[in-house]
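Chemist: Okay, so the sequence shown: first residue is 0 according to numbering that gives the first Met the number 0, each after it adds one.
These aren't lab readings, by the way, just hints derived from the structure by calculation.
Everything numeric in this text was worked out from a predicted model, so none of it was measured.
Careful, some of the hints might be misleading.
Stated by the list, open to error - Restraint-style ranges between C-beta atoms, simulated for each label pair:
#, residue 1, residue 2, range
1, L170, E273, 35 to 45 Å
2, Q98, S52, 16 to 26 Å
3, R32, D91, 20 to 30 Å
4, T81, N242, 40 to 50 Å
As the list claims (entries may be wrong) - Under the rule of at most 20 Å between Cα atoms (straight-line distance), these lysine to any residue pairs were calculated in the SDA-like manner:
#, residue 1, residue 2
5, K339, D316
6, K294, F238
7, K246, I216
8, K31, S100
9, K221, P175
10, K113, T167
11, K294, W252
12, K340, E62
13, K246, Y303
14, K340, H233
15, K340, E279
16, K180, Q123
17, K180, T125
18, K219, W252
19, K180, A220
20, K147, A188
21, K280, D333
22, K340, P278
23, K180, S127
24, K294, I284
25, K221, P190
26, K113, E70
27, K180, I193
28, K207, Q217
29, K246, E287
30, K219, P190
31, K209, E179
32, K145, K180
33, K221, W252
34, K113, E160
The beta carbon of each residue, even a glycine, is placed where N, CA and C say it ideally should be.
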Amino acid sequence: MIKKNIIFYIGICILLFNSCTKEQLSSCSTNKRLADCLDFYCGNVVDLDRMDSIPEYASIVTEQFNSVTAENIMKPNALHPTRNVFDWEEADQLASFCQASNKRLHGHTLIWHKQLPPWMYAFQGTKSEWEEMMRDHIFRIVDHFKGKVTSWDVINEAFEEDGTMRNTIWLKNIGPSYIEKAFQYAHEADPDAILFYNDYNIVLNPIKRKAILDLCIQLKAKGVPIHGIGIQMHIFNGFPENNDISKAMDEIWNQDFIIHISELDVSINVNGTEMPVAPEKDLDIQAEKYLYIFKAYDRIPNAYKFGITIWGVGDRDTWIRYSSNRDDYPLLFDDEYQPKKAFCTLISEL
0 MIKKNIIFYI
10 GICILLFNSC
20 TKEQLSSCST
30 NKRLADCLDF
40 YCGNVVDLDR
50 MDSIPEYASI
60 VTEQFNSVTA
70 ENIMKPNALH
80 PTRNVFDWEE
90 ADQLASFCQA
100 SNKRLHGHTL
110 IWHKQLPPWM
120 YAFQGTKSEW
130 EEMMRDHIFR
140 IVDHFKGKVT
150 SWDVINEAFE
160 EDGTMRNTIW
170 LKNIGPSYIE
180 KAFQYAHEAD
190 PDAILFYNDY
200 NIVLNPIKRK
210 AILDLCIQLK
220 AKGVPIHGIG
230 IQMHIFNGFP
240 ENNDISKAMD
250 EIWNQDFIIH
260 ISELDVSINV
270 NGTEMPVAPE
280 KDLDIQAEKY
290 LYIFKAYDRI
300 PNAYKFGITI
310 WGVGDRDTWI
320 RYSSNRDDYP
330 LLFDDEYQPK
340 KAFCTLISEL
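Generate coordinates for the entire structure from the input sequences, incorporating the hints supplied.
Modeler: Set out below in structure tokens:
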């Protein structure tokens, strides 16, 4: 079992990938590893239960990517279930896997308005007590993974679509300074960690993007250690337009922020119509969209490239199906973990 012996499983994963999927990948006219086609990190989100129970999933994660983001086990409700108790077991297993397989580990996420433990929602206290609670939460986690986690999404999704700050428990009880303080606490715990602000619709919504960028610029000018911005990039075949993707990247790196395309998937069923099988024409468009994103990212200066993280391995794993309750096929591998046109295009064109 991977939760019992994750390091041993790495060798099995590599063997399975080479023996079971080499013939399948030959349809792409190459057996190249995706991460080897790039001069920046290429990662995926990882779920330990799937790593344990689905050999094809584990093989792809192990063989194709050199960076890992935990899907859920490093979120607040998983790591900090009660005020005085931290649960490190699964996250430590993932960290061991990454160290043994020479993969970078990105921490997601320290402060969010979702997936918080019940005790945080129920917490009562003065502003200073809220600050101390938040500091303890951040400091203990970042310090525990110091030297194992390269980077953190310190703040996740703090802005509304109209550019105003989201009315989270953190804003209500600490005020707007909670963002600044969170970055300071994380930096205090691990001065070597790369720290990100992470959000969705950064490309699609220029109002939201401006609000996020303005705040990050202001805080950075004050000496707050905000190193980069995570562009989640949950997008669709038809939008945002390609030029808007490049424009958003340019606006961010031109303000001296590292860019992480942190949660990439490309939906082909925006209208939620019945779609038991992915249409070939949509998969062709999807492949071109993925290729454009990778090429546009590669054009930014190397100093600002943190990497691209795909948000899911096979289409059966996508959050879209259970979150939006619709048929969709947004990832590089299909429901049976066979490579799709998007994957084949990337390894043949990059």
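Chemist: Do R32 and D91 keep their Cβ atoms within the hinted range of 20 to 30 Å?
Modeler: 27 Å, holds
Chemist: Is the straight-line distance between the alpha-carbon of K219 and that of P190 20 Å or less?
Modeler: 15 Å, holds
Chemist: Given the proposed pairing of K113 with E160, does the C-alpha separation stay at or below 20 Å?
Modeler: Roughly 17 Å between the alpha carbons, so the hint for K113 and E160 holds.
Chemist: Is the Cα-Cα distance between K180 and A220 20 Å or less?
Modeler: At roughly 15 Å apart (the allowed maximum being 20 Å), A220 and K180 satisfy the hint.
Chemist: Is 35 to 45 Å a correct range for the gap between the Cβ atoms of L170 and E273?
Modeler: Since the Cβ atoms of L170 and E273 sit about 40 Å apart, the hinted range of 35 to 45 Å holds.
Chemist: Checking one constraint from the list: CA of K294 to CA of F238, max 20 Å. Satisfied?
Modeler: This hinted pair holds, its Cα atoms lying about 17 Å apart.
Chemist: Run the distance test for K113 versus T167: straight-line Cα separation, threshold 20 Å.
Modeler: 9 Å, holds
Chemist: Mind checking the alpha carbons of K294 and I284 for me, to see if they're no more than 20 Å apart?
Modeler: Cα-Cα ~15 Å, so holds.
Chemist: Straight-line Cα separation of K31 and S100 no greater than 20 Å?
Modeler: Measuring from Cα to Cα gives roughly 18 Å; hence the hint holds.
Chemist: Assess, step by step, whether the Cα of K340 is no farther than 20 Å from the Cα of E279, and give holds or violated.
Modeler: Roughly 9 Å between the alpha carbons, so the hint for K340 and E279 holds.
Chemist: Is K280 close enough to D333, meaning Cα to Cα at most 20 Å?
Modeler: 15 Å, holds
Chemist: Holds or violated: are the alpha carbons of K340 and H233 at most 20 Å from each other?
Modeler: Distance of about 19 Å is within 20 Å: holds.
When each numbered hint is compared with the structure, no violation occurs for any of them.
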